[in-house]
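Quick note: the sequence shown uses numbering that gives the first Met the number 0, first residue 0, plus one each step.
The set of hints was computed from the structure by calculation and includes no laboratory data.
Take these hints with a grain of salt, some might be off.
Said to hold, decoys possible - Dumping the calculated BS3-like pairs for lysine-lysine here, alpha-carbon to alpha-carbon at most 25 Å:
| id | residue 1 | residue 2 |
| --- | --- | --- |
| 1 | Lys-121 | Lys-201 |
| 2 | Lys-215 | Lys-201 |
| 3 | Lys-201 | Lys-259 |
| 4 | Lys-285 | Lys-191 |
| 5 | Lys-285 | Lys-121 |
| 6 | Lys-222 | Lys-259 |
| 7 | Lys-191 | Lys-215 |
| 8 | Lys-191 | Lys-121 |
| 9 | Lys-285 | Lys-201 |
| 10 | Lys-285 | Lys-261 |
| 11 | Lys-215 | Lys-285 |
| 12 | Lys-215 | Lys-259 |
| 13 | Lys-201 | Lys-191 |
| 14 | Lys-285 | Lys-259 |
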Amino acid sequence: MAAAAAMLDERHPDLPTKPNDDNTYILGRIHVHNVVIACLPSGVYGTTSAATIASQIRLTFPSIRIGLMVGIGGGVPGTSEDVRLGDVVVSKPTRDYGGIVQYDYGKSLAGGVFARQGVLNKPPPILLTAISRLQAAHLTRPSQISWLVSQAARSSCFAHPGADRDILFDSEYDHLNPESTCTDCDSNRHMKRSIRASQDPKIHYGLIASANQVMKDGPLRDKLARELGILCFEMEAAGLMDSFPCLVVRGICDYSDSHKTKEWQGYAAATAAAYTKELLSIIHGKQVEDEPSKLSDDSKRLCLASHGDLLIDLVC
């Protein structure tokens, strides 16, 4: 939640919530948009929890127009996109999927075959148009992410850990000691990659995989990525897309393998929040006003959701 709050241009006073609404909210403004930052209770995760928070937030703020699910996720390395720690992945529909793939939903067939079923909804057109405009703008000027993060990095938890801390292991090599960091792991199993000219995060647009479990398996990660063209894994989006379609933005904090570390979570949360702020800057206030509210028309709120101190498991 701290990374999202750091992107506010103005903080608004708290408002009373409805009975049976257990969420924590921060209210404020980003550019011309009123924003609700919603936080899940500590220790609550998964697609079902995401659906629950969405229903509660719409009762407390019934005129939310737009939803953005912003937070951290596990990247898929080794593809042509060259996703690295601190980069940002944004859900974007393809011919076959709406931007989010629920990879654990389907049925098991003979011979160990798993048949995925269903296609989740796309983000609203207003957000798809906005990301297309922002992509076009970035062809002629750099993203503002690094500058926005630098403004928030007065808190050391949002600082870039350093390129030398972006370590990728061979997908077949498992973490040795679950009670310690990767200092005990074999450095000979590090994957060699080209050095980037800049520490500025890159933005990737494509499919994000969602399920009720954390992806910590390198070979399975690679298998699903080959089958589906996935760039990132996370745990909540599939619970929202059919009932409350939104755009999903994930800062990459690990490589979806057994070598998970919290070292990059703060910076990744900040890059995702910074991208979201830049995206909102190109959406006109009138566009949001013209969007139908989710329940009624007694207020206008643009919903940006988060979970935990570092925008972990964000939902809207």
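We went through each hint and held it up to the structure:
no., hint, verdict
1, Lys-121 <-> Lys-201, "holds, 23 Å"
2, Lys-215 <-> Lys-201, "holds, 23 Å"
3, Lys-201 <-> Lys-259, "holds, 21 Å"
4, Lys-285 <-> Lys-191, "violated, 48 Å"
5, Lys-285 <-> Lys-121, "holds, 22 Å"
6, Lys-222 <-> Lys-259, "holds, 19 Å"
7, Lys-191 <-> Lys-215, "holds, 21 Å"
8, Lys-191 <-> Lys-121, "violated, 36 Å"
9, Lys-285 <-> Lys-201, "violated, 30 Å"
10, Lys-285 <-> Lys-261, "violated, 40 Å"
11, Lys-215 <-> Lys-285, "violated, 43 Å"
12, Lys-215 <-> Lys-259, "holds, 7 Å"
13, Lys-201 <-> Lys-191, "holds, 19 Å"
14, Lys-285 <-> Lys-259, "violated, 42 Å"
The earlier numbered hints that this structure contradicts are 4, 8, 9, 10, 11 and 14.
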